[in-house]
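Protein sequence lines correspond, in order, to chains A and B.
Heads up: the first sequence begins at 224 in my numbering, then just goes up one per residue.
Heads up: the second sequence begins at 7 in my numbering, then just goes up one per residue.
Bear in mind the hints are in silico, worked out from the structure with no lab data behind them.
Nothing here was measured: the structure is a model prediction, and the numbers come from that model.
Check each hint, because a few of them may be wrong.
To give an idea of the chain A side of the interface with chain B (calculated C-beta under 7 Å), a few residues [unchecked claim]:
1. Ala268
2. Gly282
3. Cys287
Each residue gets a CB set at the ideal place from its N, CA and C atoms; glycine is no exception.
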Amino acid sequence: MNDRPRNLNRRRFLADTAKTVCVAGLAGLGLSFYSNRSASHTAQALRPPGSLEENSFLGACLRCGLCVRDCPYDTLRLARLEMDVAPGTPYFVARDIPCEMCDDIPCVKACPSGALDPALRDIDDARMGVAVLVDQESCLNFQGLRCDVCYRVCPRIGEAITLDLQHNERTRTHTRFLPSVHSDYCTGCGKCEHACVLEEAAIKVLPQRLAKGELGRHYRWGWQEKDKAGGSLVAPDQPHRYHLPDSMDYEHGGRGLIPREKAAEATPFEHDPLSTLNRGMDEP
Amino acid sequence: MSMSTAHPGTEAIVSKNWLSAHRWLILRRISQLGVMALFLAGPWWGLWIVKGNLSSSLTLGILPLTDPYTLLQSWISGHAIAQTAALGAVIVAVFYFLVGGRSYCAWVCPVNLVTDLAAWLRRRLGLSRPSRMDRSARYWFLGMTLVVAATTGTIAWELVNPVSIMHRGVIFGFGAGALAIAGVFLFDLLVARRGWCGHLCPVGAFYSLLGRFSVIRVHAARRSQCNDCGDCYDVCPEPLVIKPALKGADDGGGTAILSPNCTNCGRCVDVCSLNVFRFGTRCSGTPGSETPPFQVGHSHERN
Numbered sequence: 224m225n226d227r228p229r230n231l232n233r234r235r236f237l238a239d240t241a242k243t244v245c246v247a248g249l250a251g252l253g254l255s256f257y258s259n260r261s262a263s264h265t266a267q268a269l270r271p272p273g274s275l276e277e278n279s280f281l282g283a284c285l286r287c288g289l290c291v292r293d294c295p296y297d298t299l300r301l302a303r304l305e306m307d308v309a310p311g312t313p314y315f316v317a318r319d320i321p322c323e324m325c326d327d328i329p330c331v332k333a334c335p336s337g338a339l340d341p342a343l344r345d346i347d348d349a350r351m352g353v354a355v356l357v358d359q360e361s362c363l364n365f366q367g368l369r370c371d372v373c374y375r376v377c378p379r380i381g382e383a384i385t386l387d388l389q390h391n392e393r394t395r396t397h398t399r400f401l402p403s404v405h406s407d408y409c410t411g412c413g414k415c416e417h418a419c420v421l422e423e424a425a426i427k428v429l430p431q432r433l434a435k436g437e438l439g440r441h442y443r444w445g446w447q448e449k450d451k452a453g454g455s456l457v458a459p460d461q462p463h464r465y466h467l468p469d470s471m472d473y474e475h476g477g478r479g480l481i482p483r484e485k486a487a488e489a490t491p492f493e494h495d496p497l498s499t500l501n502r503g504m505d506e507p
Numbered sequence: 007m008s009m010s011t012a013h014p015g016t017e018a019i020v021s022k023n024w025l026s027a028h029r030w031l032i033l034r035r036i037s038q039l040g041v042m043a044l045f046l047a048g049p050w051w052g053l054w055i056v057k058g059n060l061s062s063s064l065t066l067g068i069l070p071l072t073d074p075y076t077l078l079q080s081w082i083s084g085h086a087i088a089q090t091a092a093l094g095a096v097i098v099a100v101f102y103f104l105v106g107g108r109s110y111c112a113w114v115c116p117v118n119l120v121t122d123l124a125a126w127l128r129r130r131l132g133l134s135r136p137s138r139m140d141r142s143a144r145y146w147f148l149g150m151t152l153v154v155a156a157t158t159g160t161i162a163w164e165l166v167n168p169v170s171i172m173h174r175g176v177i178f179g180f181g182a183g184a185l186a187i188a189g190v191f192l193f194d195l196l197v198a199r200r201g202w203c204g205h206l207c208p209v210g211a212f213y214s215l216l217g218r219f220s221v222i223r224v225h226a227a228r229r230s231q232c233n234d235c236g237d238c239y240d241v242c243p244e245p246l247v248i249k250p251a252l253k254g255a256d257d258g259g260g261t262a263i264l265s266p267n268c269t270n271c272g273r274c275v276d277v278c279s280l281n282v283f284r285f286g287t288r289c290s291g292t293p294g295s296e297t298p299p300f301q302v303g304h305s306h307e308r309n
């Protein structure tokens, strides 16, 4: 057998160890890059209800597939190595099989690790993504037709998707019923995307990070603040006060300072707008 | 030393009989395939005894089992450990702490089937050159996976872990994961003997540490009978673990194979025509001989 001699060659040991450490280090670097890349997966793949934010999810999910097993509609699948989703993690594609939003949320109950947050008790609170009407140009309702399918299939009909009425400028007689998504209610279940009658869905569920804009932190909607405050937030206009020389007045029509006695007859604007504009033209 | 390294165990088949000379190997294959069958009974025949996979599972709807190594990475990545997963990991850890950590490698891990096949083929093809690779590399890899878990905040190792790729692949579908397994096979066949399981795999490294003081151990109980045929070394996936027990009589060493890298596969028990080896416990040894403090060092950790 090829046992090494008892008196270990120190130099060779150190060299071998250094080599091993380098290889392990390089492997670790590669793994880190791969991990970072797989953390930003394709937008088409949605996480199950209650999933933690993506990076936390990848630290929590044990990749056991118990959520997949307990999904009664075969919505969830485990990602494979060749996919743009971290291998072994659960995902679903809304256009194929959307989430049916079970009341008892079996996938969350099955999760042993808390990657699907057990605090999610009401499926209406799930935020798997947000539906976005990505293509108004092909959406039938935007053309003035009454498709309404996305609106009809929405489990939170009238809340997550509403139809906003607008005059149809093309026919000039009809109304357009524009589907409008409200992220306060949309769970991202994907029923709308699944049901969209087009060849390629005009409404798609996107991950929150892609679907949502975000106001600057300092920015406030004025009308909301006004409602909250119960009135205007700025002091109402005060009548102007001028510190004018004695017996002088100010004429806003362009003449400026004038003696007070003339001020009474001087109005800023003539009755006839033209004479206001022509004022001073006839003077030498 | 035996000349017929391509067929170790030939003498044992003659002196015992074929079945006795393959007893532990057969039991081990039954265990490996049985575990796999338990996981597959659900998806294949609708018989849901076990759900999930080796990373985490639920048996009969009540018994949670979780891979403590995966859970450790999850914890290091910054995730607070959930109760179910923790309970499952404790059960698994206690079990392997008793039966020998790397029993997992020999009796449960699906990749063992692949690497055993590669090792067998290697012997048959006469490719059995010793590997220059460092057997302690696995501990560096183990450390690396933990560091990467901490720096990325994810269980990054699970992206590429051949063990879970293979087990998940069989149960949930392989896809390109099959290529990773083929890679392990070719690496073991062409690059290094027992290259993956015996040198690099951090899962095995973790379980070896877990079973550092495990109760069940193989003993070279009748080592005085040894005729130096070398068959046990030839079949052993971790040949360096045998010598301290088999040849330790002069140093007053016990008969138990104490290296945590012994996988308790029992193949040495099978192939020995003189029945030198048997399974025992850590404390049982030759009468009068004290178990020496275990040595772990490069002199024993290299091939």
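Verification of the hints:
A cut of 7 Å between beta carbons decides the hint on Ala268(A): the least distance to chain B is about 14 Å, and the hint is violated. With its C-beta approaching chain B no nearer than about 3 Å, Gly282(A) sits inside the 7 Å limit, and its interface hint holds. Interface hint at Cys287(A): satisfied, since its Cβ lies 4 Å from the closest Cβ of chain B, which is below the 7 Å cut-off.
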